[in-house]
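Start from the sequences and build out the full structure, keeping to the hints where you can.
Numbering (our numbering), first residue to last: 967 to 1178.
No lab work stands behind these hints, which were simulated from the structure alone. No false leads were slipped in.
DMTMM-like mimics (lysine to aspartate or glutamate), calculated; alpha carbons at most 20 angstroms apart, straight line: (1) 1023 with 970; (2) 1150 with 1108; (3) 969 with 1051; (4) 1023 with 972; (5) 985 with 1070; (6) 1018 with 979; (7) 1023 with 979; (8) 969 with 1025; (9) 1150 with 1136; (10) 1150 with 1102.
Derived DEER-like restraints, expressed as beta-carbon distance ranges: (11) 1105 with 1007: 37 to 45 angstroms; (12) 1164 with 1111: 29 to 37 angstroms; (13) 1030 with 1098: 52 to 60 angstroms; (14) 1010 with 1109: 42 to 50 angstroms; (15) 1162 with 1003: 26 to 34 angstroms; (16) 1111 with 1007: 53 to 61 angstroms; (17) 1085 with 977: 41 to 49 angstroms; (18) 1062 with 1109: 42 to 50 angstroms; (19) 1139 with 1067: 50 to 58 angstroms; (20) 1095 with 1058: 33 to 41 angstroms; (21) 1062 with 1145: 40 to 48 angstroms; (22) 1168 with 1139: 19 to 27 angstroms.
For every residue, glycine included, the Cβ atom is placed at its ideal position computed from N, Cα and C.
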Amino acid sequence: MVKDVDEASFQQEVIERSKEVPVVVDFWAEWCGPCRTLGPAIEQAVSERAGKVELAKVDVDSNQQLAAAFRVQGIPAVKAFVNGEMVDEFTGALPPAQISAFLDRIAPAEQKSEEELAEERAKELESNEFYIAGREAREALEASENPPTEAFKAWDDGDHEFAFDLLQKEVEVADPDRRDLLRKVMVGYFTELGPESELAATHRRRLAAVLS
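Next comes the structure, spelled out in C-alpha cells:
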C-alpha cells in the first residue's frame, strides 16, 4: 500500500498507523533524480510484502517543516516507523537488494511455498538452452540403436548419482557423435539440479576430465 501524506495527515497515517503495521516513509521531491530511481524500487519491494508494511511518500518541497522535524538533510531519505517510533533509516537510491534487506529488518517478505518455488524453477528450465539441448540429446539417444535406458530410468526414478555413473561410463567408450549427445544430456542434468548441487559439481569435473 502506497499513500501520499503531508503535515496534517502524518500523525494519523504514519505514527498511529505504525502501531498496527510498519510504515516506511519516503521523503522525496519532483526535481530529485535519485528519488525517481528509488521510488519504483521501494514500491515494488513493499508490494512483495503483501500488506506486512505500508509506504508513505512525503514531498519535502510541500512539507518542509515535516522534513526538518525528522532531520532530512538529503533526499531521497527513507525512514521506517514501528509502534509510533522511527526505528531505521537510509539516505540515497539504494539498489533493490539493499532495499529488501532494509525492509526485511522490519517486515520480512512473504515466503514462497515449495510448490511455487518448484514452478518457478520449471519455468526457468524451459527457457534454459543447456536444459533444452540436453532434452533434445536424450530424445536422440532414446531413438538410437543402443539407448542408455538404464541411466535414463535411474534419473527419472530420482537416483541421480547412479544415472551419472552410468552415463559417465558411456561417455568413456562412446564414439565422438554419441559422446557429444551424452555430454549434452549430462550438462542438461547439471542445469536441472542447479548451481548449488554438489553432486552436479562432482560429475561436472569428472566429465571435464574425460573430455579433456
